[in-house]
Structures are given as structure tokens and as C-alpha cells.
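These protein sequence lines are chains P and R, in that order.
Heads up, the first sequence is in this note's numbering, so the first residue is 1 and it goes up one at a time.
Heads up, the second sequence is in this note's numbering, so the first residue is 1 and it goes up one at a time.
These aren't lab readings, by the way, just hints derived from the structure by calculation.
None of the hints are false.
Derived DMTMM-like pairs: lysine to aspartate or glutamate, alpha-carbon spacing no greater than 20 Å straight-line:
id, chain 1, residue 1, chain 2, residue 2
1, P, K358, R, D81
2, R, K259, R, E233
3, P, K259, P, E286
4, P, K358, R, D78
Please read these numbers as outputs of a predicted model, since none were measured by experiment.
Protein chains: 2
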Amino acid sequence: MFNGTVPAAPFSFTPGVRRGLARTGVIATPHGPIRTPAFIPVGTKATVKALLPEATAALGAQAVLANAYHLYLQPGADIVDAAGGLGAFMHWPGPTFTDSGGFQVMSLGVGFKKVLAMASDGVTSDDVIAPGHDRLAHVDDDGVGFISHLDGSRHRFTPESSMAVQHQLGADIIFAFDECTTLMNTRDYQERSVARTAAWARRCLAAHAELTEQRSHRPYQALFGVVQGAQYEDLRRAAARDLGGLPFDGYGIGGALEKAQLGTIVGWVSEALPEDRPRHLLGIGEPDDLFAGVAAGADTFDCVMPSRVARNGAILHHDGRYNIATAANRRAFEPLDAECDCYTCAHYTRAYLHHLAKADEIAGHTLATIHNVRFLVRLVDRMREALEAGDFDALREEFLGRYGARRRAAGR
Amino acid sequence: MFNGTVPAAPFSFTPGVRRGLARTGVIATPHGPIRTPAFIPVGTKATVKALLPEATAALGAQAVLANAYHLYLQPGADIVDAAGGLGAFMHWPGPTFTDSGGFQVMSLGVGFKKVLAMASDGVTSDDVIAPGHDRLAHVDDDGVGFISHLDGSRHRFTPESSMAVQHQLGADIIFAFDECTTLMNTRDYQERSVARTAAWARRCLAAHAELTEQRSHRPYQALFGVVQGAQYEDLRRAAARDLGGLPFDGYGIGGALEKAQLGTIVGWVSEALPEDRPRHLLGIGEPDDLFAGVAAGADTFDCVMPSRVARNGAILHHDGRYNIATAANRRAFEPLDAECDCYTCAHYTRAYLHHLAKADEIAGHTLATIHNVRFLVRLVDRMREALEAGDFDALREEFLGRYGARRRAAGR
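Full structure from sequences and hints, please.
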């Protein structure tokens with residue numbers, strides 16, 4: 001797996017046990033297998049922030065997910081290509097994903113967030129992604145024009161250019177270029193957007209087939225279609241049936257997901273998608289959302305949350321999140337979480353991480369990231385084991401009963 | 001060495017081969033041996049910036065040096081003590097040093113630098129470390145009053161309190177509290193300062209003996225006296241003879257060292273110090289200075305330079321320093337230095353580190369630090385091997401001939 005040779009089997013998904021919509025399985029890629037369900041750490045710019053690849057592997061990560069938008073802008077997809085692709089560039093020998101960049105282009109354009117509290121304020125507005133106005137991005141039927149958040153330069157992504165970029169990046173699993181809406185868009189806009197994403201999906205498949213042939217000396221890249229449709233059952237089911245009939249290697253589930261509805265929406269999609277292909281729930285990583293996603297049939301997950309909050313000193317703990325910088329940890333000569341099996345918890349105390357956080361030392365970011373990412377990787381690993389053992393519901397009840405307790409007690 | 005038990009032999013120095021003033025040797029500490037000459041990486045605040053301890057060990061570091069001033073202020077020496085001492089606190093199982101904090105207190109007070117270009121401007125001023133004025137520190141015969149650079153709180157270090165702090169920190173090798181002058185001080189002030197440091201050395205020895213007895217359950221801590229005297233041969237030789245007659249376990253060579261004079265000054269001190277005790281040249285790490293120091297009889301060295309410049313993208317190379325962020329490295333798919341044997345050079349390209357530097361990613365700091373610190377650790381290791389083989393002068397000529405060439409060609 002670490003020697004850079006290309007195995008014979010290009011890509012496959014082998015379902016394992018099934019419990020309702022939930023299931024286990026194995027995704028085979030040219031750079032090794034991924035046992036599912038699995039949490040995939042994010043390395044947006046070809047580095048899992050604050051970690052060297054050996055640390056990412058040691059905490060149990062089976063793959064990493066980078067972002068086509070960010071790498072297109074910096075250092076440029078041609079440079080990653082010339083380096084031998086994403087894995088070689090970043091010294092990660094295992095499986096890799098790239099997100100298409102659609103979400104990033106549009107979210108950087110309008111500043112929206114993935115799981116939207118915004119919906120509850122009742123605002124309905126389509127112009128957040130409409131052309132004109134003072135936006136960094138605008139969508140039309142051909143693609144998305146956008147302005148770089150780095151230097152203000154103008155760019156354009158289309159389904160074809162996204163495929164070209166993702167082939168240059170060379171990840172094992174790539175995503176179709178989709179339009180990502182928000183809960184603020186009208187029903188009418190969501191309908192037109194799903195139709196646009198469906199048309200783009202076909203253009204992605206055609207471009208992908210051509211690029212795959214042109215670059216047949218490279219390891220096979222699996223293309224995942226992305227199911228949108230916001231909170232509308234009919235739109236989600238129709239999109240899943242439509243894309244499910246196309247020759248995608250797997251599927252992403254994207255877009256606006258209200259937290260309370262997350263499991264329901266993923267369930268609609270899972271029911272309509274083919275059984276024999278893997279499903280990736282894009283950008284989701286809170287423990288309760290991971291349980292809901294697995295229960296509803298999602299196989300893999302990615303999220304920046306565990307590493308992003310780590311760099312602010314937030315520590316994931318079986319009794320809920322806490323901040324290492326608070327005075328209570330100054331003399332706490334105990335691990336971050338006594339039930340954790342990570343490198344950080346094995347060798348360091350809260351007092352040491354408190355000191356590093358106060359001193360703003362890089363090692364503090366590294367150690368907290370190792371712990372937080374391990375926490376989620378292990379949590380989803382435990383879900384997989386629980387599915388195999390048939391006690392997923394018991395794990396969910398026990399874990400979430402404790403995890404939420406501290407936060408509820410504090411009235412947060 | 002990694003199991004935290006206390007070996008029987010407390011501390012010793014065994015000289016090896018001798019070539020003029022230069023020599024090899026082995027320092028034995030309760031946490032393992034240090035083969036000398038050796039470059040000791042700095043972990044000012046109980047972390048080698050941007051590295052986990054395993055990376056520091058993997059790059060060949062035999063020990064790390066932390067700073068009593070910084071750890072006294074944050075997190076507090078009592079906390080490091082309660083954690084089991086510096087090594088246990090930071091998960092570094094090997095030998096440790098702490099600098100006394102004298103230099104930091106005074107340099108933070110007046111903002112002077114170790115190797116002083118300042119001297120060349122002809123300014124003579126004693127008040128830079130005199131009481132009053134708008135300084136963060138002032139010295140009197142009893143000790144140093146200073147204001148924390150972190151929160152403005154008032155503190156005082158004396159020889160006794162420095163020993164108490166360094167016993168709480170628990171490093172294997174600690175330094176006497178000394179007054180560190182600059183090249184701007186008058187001859188008259190330097191004389192009075194050397195006399196003050198001599199008096200403080202005796203007070204440190206007395207406090208150290210008492211603390212060692214009180215804390216006999218802890219591993220033995222070796223105390224090094226610090227030889228000052230600026231650029232004056234008679235003051236340096238007299239200080240070395242005086243301290244050399246006292247029961248210190250070894251010696252630090254500190255204070256103002258003009259670069260052109262460095263070898264000469266260290267030579268005066270080495271000639272006057274006893275042969276059977278190790279000599280640490282404080283805060284020196286430029287390659288030419290390391291050669292000069294080894295040639296003049298220094299055994300160990302510490303310096304923040306390799307890690308500090310790494311975080312600004314400066315890369316040490318056999319042909320001289322360069323910056324990874326320059327455009328020339330954007331497409332350079334070669335190691336940082338083809339002759340380097342470090343982890344970074346084995347697995348990553350200049351193009352990747354260029355990308356990480358441009359993207360301001362933490363992994364860029366980590367990888368550049370690994371390379372730069374390895375560069376100096378290995379350089380001094382090679383000096384040790386060359387002393388054993390009898391070809392130190394050839395190594396010095398060959399290395400410095402190349403290392404300086406690029407810089408000279410660029411007119412820097």
C-alpha cells in the first residue's frame with residue numbers, strides 16, 4: 001500500500017451486514033481498502049491541519065479528503081499532477097478523496113454554513129446564489145464564475161473543468177460538480193437547481209469517461225454523483241433515483257441539511273440509491289449527526305470540525321466537549337479523556353495541553369487535533385463494530401446519553 | 001531510558017580524543033548519555049516548537065534545552081514539578097537542560113541580542129541594565145527585578161530563587177544564575193559584573209547543595225557555572241579559573257560574543273577550565289560559529305536559530321540558506337537538500353513545502369523545523385566523527401567553503 005504501485009482491482013464496494021438502512025461494507029480503492037462506516041479526516045489543502053501523515057495514519061484514519069477548489073487555487077492542480085497526484089504530493093499512501101469544489105465556490109461566495117440555523121429565521125432568498133449583486137460567485141446553467149478568496153482573481157468552474165482539475169489532483173474518489181443551495185432558497189429555486197445538478201452530473205460522467213481513457217496509465221479514479229434537493233422529500237428521492245440510474249461509482253449526499261431532519265433526509269436518499277454503491281455524507285461530523293447518518297445508510301463522512309475546534313482548544317470527550325484553556329485544567333494531571341486510546345491521551349496531561357494552549361504553541365494544536373480526530377474515527381469504527389454485533393441502537397443511546405449530558409446540564 | 005526509572009550513575013563526563021583544544025566525550029545523565037560535541041535543540045517552553053518529541057528524537061537530538069524564565073512565568077515551575085519534572089511534563093524521556101533565565105530576564109529587559117553587531121556602532125552604555133529608566137529588568141547585587149513580558153506582573157530572580165525554580169523544573173543539567181552583559185557595557189562595568197556573577201555562583205552552589213539534599217529522591221541534577229567576561233581576555237581567563245576551582249559539574253560559556261572573536265574567547269575559557277568537566281556554549285548555532293566553538297573546546301551547543309528561521313521558511317542547505325517561499329521552488333520536485341538524511345528530505349519536495357508555506361499550514365513549520373534542526377545536529381555529529389578520525393580541519397574547510405559560497409555570491 002505504501003510502495004506506490006497500482007493494484008489490479010480499480011474500485012469496488014462490497015456491502016457487509018445490514019440493519020435497517022444502516023450497513024457495513026468495504027470500499028476497495030487503488031490505494032487500499034476503506035472499511036465502512038468510516039470517518040474520513042479532512043486535509044483541505046493537501047495536509048490534515050497540524051498533523052504529519054504518520055500521525056493521521058496512527059490515529060486510525062483510513063483515507064483523507066482534500067478540496068479541489070482550494071488546491072486549484074493553491075498550488076494549482078498542475079503542480080499536484082506533476083508531483084504524482086495528491087497522495088504522492090502530501091506523502092499519504094492510503095486512499096484519497098477530493099470534494100469537487102462546488103460547495104466551497106458557492107459558500108465562499110455567499111458565506112453560508114452547511115447545517116443551517118439560518119433556515120429558522122424564515123428568510124427566503126434566492127439571490128444569495130443568483131448572478132450580479134456583490135457576491136464572490138454566481139451560478140448559471142453552464143457553471144460557476146467566482147473570485148478567488150486569496151487574490152481576487154477571476155475563475156470559472158464547469159462540470160468539465162472540475163473533472164479536469166480532479167483528474168489532475170488524482171484522488172481515488174472524486175465528486176461530480178453540483179450546485180449547492182441553502183435552506184433559504186425557495187422551493188421553485190430548489191427544483192431548478194436539482195435539474196441543473198442532474199444535467200451537470202451527465203456532463204461530469206462524459207468528461208470523466210474521456211479523461212479516464214486519456215489517463216489510463218494512472219490509477220482508476222471513482223466518480224461519485226452528488227444528491228441534492230434540500231429538505232424536500234420528492235426532490236431528494238427523485239434526484240437519488242435519477243442519479244442512481246447513472247453509472248456513478250458511488251454517491252455523495254450534499255447540500256442544506258437541517259440538523260433535526262438529517263437522518264430523515266439521508267434515509268430518503270439511501271432508500272432510492274442502489275444498494276451496491278457507497279454513499280458519502282458530505283461535511284458532517286457532530287457525533288449525533290454521525291449516528292443519524294449511519295442509521296440512515298451513509299457509509300463515509302468527512303468534516304473539518306474535529307481539527308478546526310482543536311486549534312481553538314476545544315476537546316471532544318465522552319461526556320461532551322470542553323475547552324482545555326480554562327483554569328480548571330491548569331493542574332489537571334490526567335489525560336484529555338480517560339477513555340480515549342489516542343497518542344495524546346497516552347502520553348500527555350490536560351495540564352500540559354493547557355500550558356501549550358496558553359503559550360500558543362504549535363504542538364498544542366497537533367496534540368488536540370490527534371485526540372479530536374481519533375475521537376470521531378474511533379466513534380464511527382465503534383458504530384461499524386456495533387452494526388456487526390447487532391447492538392448499534394444500544395451504542396447510540398449510551399454514547400449520546402452521556403455526550404449530550406454535560407452540554408444540556410450547562411444549558412447550552 | 002524511556003521507563004522513567006533513575007539509573008545509579010548520577011552525572012559524569014568522560015573525555016575522548018583531543019585535537020588541540022577540540023575534543024570528544026560522553027556526558028552521562030540520569031536520563032541517558034550525550035555524546036559530544038553535540039547540538040542540543042531548544043524547547044524554550046517545554047516543547048521544541050512545531051515538533052512532537054518522537055520527531056525530535058528521530059532527527060537525532062540527544063537532549064533538549066528549556067528555559068527557566070519562560071517556564072517560571074508559564075505554566076509555573078510548581079506545575080512542572082507536580083507533573084514529575086520537565087521530561088515527564090513534555091514526554092521527552094532523554095536528557096534535559098534548563099538555562100537559568102538570567103539571559104532571558106536581562107535580554108527581555110533591554111532587548112539586546114546574543115551576538116552583537118551593536119558593538120560596532122561605538123555606543124558605550126551601562127544603563128541598559130542599570131536600575132531605573134524605562135526597562136523591564138534591573139540588576140542589583142542581590143538579583144534581578146523584572147516585569148513579565150506576558151502580563152506586566154513584577155518578579156524577582158536571585159541565585160537562590162533560580163536554583164529553586166530549576167530544581168522544580170528538574171532538568172538533568174541546570175545553569176547557575178549569572179549576569180549577562182552586552183558589548184555596549186564599559187570595561188569597568190564588565191569587571192563589576194564578573195565579580196557579581198562570581199558571588200552569585202557561590203550562592204548557587206550553596207542553594208543547589210541544600211536543594212539536592214532536600215530532594216534526594218529525585219534524579220541528580222548537575223549544576224553548570226557560567227563564565228562571563230565579554231571580550232576581555234583577562235576577565236574571561238580569571239572567571240574561568242575562579243569558577244573552575246569550584247565544585248560545578250560543568251560550565252556554560254555565556255554573554256557577549258562578537259562573531260569574529262568567538263573562537264578566540266571560547267579558547268581562553270577552555271584553556272582555563274578543568275579538562276574533566278563539560279563546556280556548553282550558550283545560544284550559539286550558526287555553522288561557522290559551531291565549527292569555531294568545537295575547535296576551541298566547547299562540547300555542547302544550543303540555539304533557537306534552526307527552528308526559528310524554519311517558521312519563516314528559511315531552509316539550511318549545504319550550499320547556504322535559502323527561502324522555500326520564493327517562486328523558484330514552486331515546481332521544484334526535489335528534496336530541500338539532496339544531501340540531507342532527514343524525514344522531510346526523504347518524503348517531501350520543495351514544491352510541497354513551498355505550497356505549505358504559501359498556505360501558512362502548520363505542517364510546513366513542522367517539516368522545515370525537522371530539516372533545519374537535523375541539519376545542525378548532524379553537522380555537529382559529523383564534527384565529532386571528524387575529531388575521532390583526525391580530519392576536523394578538512395571537514396571545516398570543505399563545509400564552510402560551500403556553505404558560505406552562495407551567500408557570498410549573492411553579496412549578503
